[in-house]
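Visitor: Here is what each chain is made of, one letter per residue.
There are 2 protein chains.
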Amino acid sequence: MIGLYLEEIEEGRVVDLGSHHFTKEAILAFATQYDPQPFHLDEEAARKGPFGVLSASGWHTASAWMKHYVASNQRAEAKLRAEGRVPAPVGPSPGFTNLRWLKPVTPGDTVTYRSTVTGKRELKSRPGWGLVFTLNEGFNQRGELVFSFEGKVLTPRRPA
Amino acid sequence: MIGLYLEEIEEGRVVDLGSHHFTKEAILAFATQYDPQPFHLDEEAARKGPFGVLSASGWHTASAWMKHYVASNQRAEAKLRAEGRVPAPVGPSPGFTNLRWLKPVTPGDTVTYRSTVTGKRELKSRPGWGLVFTLNEGFNQRGELVFSFEGKVLTPRRPA
Numbered sequence: 000m001i002g003l004y005l006e007e008i009e010e011g012r013v014v015d016l017g018s019h020h021f022t023k024e025a026i027l028a029f030a031t032q033y034d035p036q037p038f039h040l041d042e043e044a045a046r047k048g049p050f051g052v053l054s055a056s057g058w059h060t061a062s063a064w065m066k067h068y069v070a071s072n073q074r075a076e077a078k079l080r081a082e083g084r085v086p087a088p089v090g091p092s093p094g095f096t097n098l099r100w101l102k103p104v105t106p107g108d109t110v111t112y113r114s115t116v117t118g119k120r121e122l123k124s125r126p127g128w129g130l131v132f133t134l135n136e137g138f139n140q141r142g143e144l145v146f147s148f149e150g151k152v153l154t155p156r157r158p159a
Numbered sequence: 000m001i002g003l004y005l006e007e008i009e010e011g012r013v014v015d016l017g018s019h020h021f022t023k024e025a026i027l028a029f030a031t032q033y034d035p036q037p038f039h040l041d042e043e044a045a046r047k048g049p050f051g052v053l054s055a056s057g058w059h060t061a062s063a064w065m066k067h068y069v070a071s072n073q074r075a076e077a078k079l080r081a082e083g084r085v086p087a088p089v090g091p092s093p094g095f096t097n098l099r100w101l102k103p104v105t106p107g108d109t110v111t112y113r114s115t116v117t118g119k120r121e122l123k124s125r126p127g128w129g130l131v132f133t134l135n136e137g138f139n140q141r142g143e144l145v146f147s148f149e150g151k152v153l154t155p156r157r158p159a
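Line by line, the protein sequences give chains A and B. Per numbering that gives the first Met the number 0: the first sequence ends with 159, consecutive numbering throughout. Per numbering that gives the first Met the number 0: the second sequence ends with 159, consecutive numbering throughout.
Any given hint could be a false lead.
Because identical chains cannot be distinguished in the list, a pair is counted as satisfied if it fits within a single copy or across any two copies.
Unchecked claim - Quick list of in silico lysine-lysine cross-link-like pairs, DSBU-like style, CA-CA up to 35 Å: (1) Lys151 with Lys123; (2) Lys78 with Lys151; (3) Lys47 with Lys102.
Think of the hints as simulated: they come from the structure by calculation, not from any bench. Quick caveat, the model's predicted, so the values are computed rather than measured.
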């Protein structure tokens with residue numbers, strides 16, 4: 000996570016991942032390819048749909064989180080390298096849980112994502128590595144929580 | 000779910016959602032837009048990465064599940080309408096949990112998705128509606144489980 004080793008990541012740390020603007024074009028493009036439900040594709044159909052408004056596929060909101068998570072890590076790693084430090088490699092994730100889409104994301108919305116460290120532990124099964132637990136959230140331009148999930152990511156200990 | 004009302008959905012029912020072929024082009028296109036990590040973008044970098052092979056973004060595998068879930072529902076609803084029946088509207092999902100990516104999905108892989116009903120219950124808080132719980136899985140062409148998550152979906156009772 001952002002190039003830090005397990006020892007350097009403290010519970011409560013909040014990482015601002017940046018903001019994503021959802022255009023109508025991008026919402027339609029994603030939905031056409033991966034989630035062609037009428038309320039993601041057509042404004043008239045969406046008015047009669049479950050949210051009453053055209054909304055982004057939940058997987059679009061999640062994928063945009065990933066985009067900004069990756070960019071945030073890459074920015075942090077470049078900064079560490081510029082300081083002459085060796086960033087920790089970002090490990091894969093064994094999985095995510097409690098994905099929730101709390102409010103529709105609609106054309107013109109800007110969602111700001113953040114990731115909060117909720118805990119960490121060493122892995123007895125994998126010496127030199129630990130798990131970092133995070134709460135990931137996306138807020139729209141009105142400050143409303145629209146998306147959240149709990150993640151965990153394999154993170155190396157600092158080499159001896 | 001596939002146009003059925005809460006009363007018609009029995010625990011243990013397995014719905015075959017169909018298969019998705021992951022081309023290298025589609026893997027790169029998704030990763031470029033939403034998950035630009037080197038092991039999703041470049042074969043040489045992927046060889047040194049956590050999986051040793053170029054792999055699809057986990058969100059790509061999840062989004063392809065959605066595509067086939069939607070198509071499966073639309074096929075089932077069309078069939079019910081052709082029989083003169085009124086399909087149950089597919090309700091939104093309050094969330095998913097335990098998303099796991101168990102093996103990498105690589106260029107040329109074909110993932111077959113299925114959804115198994117693991118339970119259902121009526122909602123006291125929302126008369127006329129219930130929740131259907133599902134286990135969703137994706138298997139590659141070697142029969143290996145590559146992706147799974149537990150879903151729940153709001154499902155209406157049959158109108159009186």
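Visitor: Hint by hint, note whether the structure agrees.
Guide: Taking the hints in turn, this is what the structure says about them:
Both within a single protomer and between protomers do Lys151 and Lys123 lie at most 35 Å apart by alpha-carbon distance, with minima of 16 Å and 33 Å respectively. Taking the closest pair of Cα atoms, Lys78 and Lys151 come within 35 Å of each other only inside a single copy of the chain (24 Å); across copies the shortest separation is 42 Å, beyond that limit. In this assembly of identical chains, the alpha carbons of Lys47 and Lys102 lie at most 35 Å apart only when taken from the same copy (17 Å versus 40 Å across copies).
Against the hints set out earlier in the document, no violation occurs for any number.
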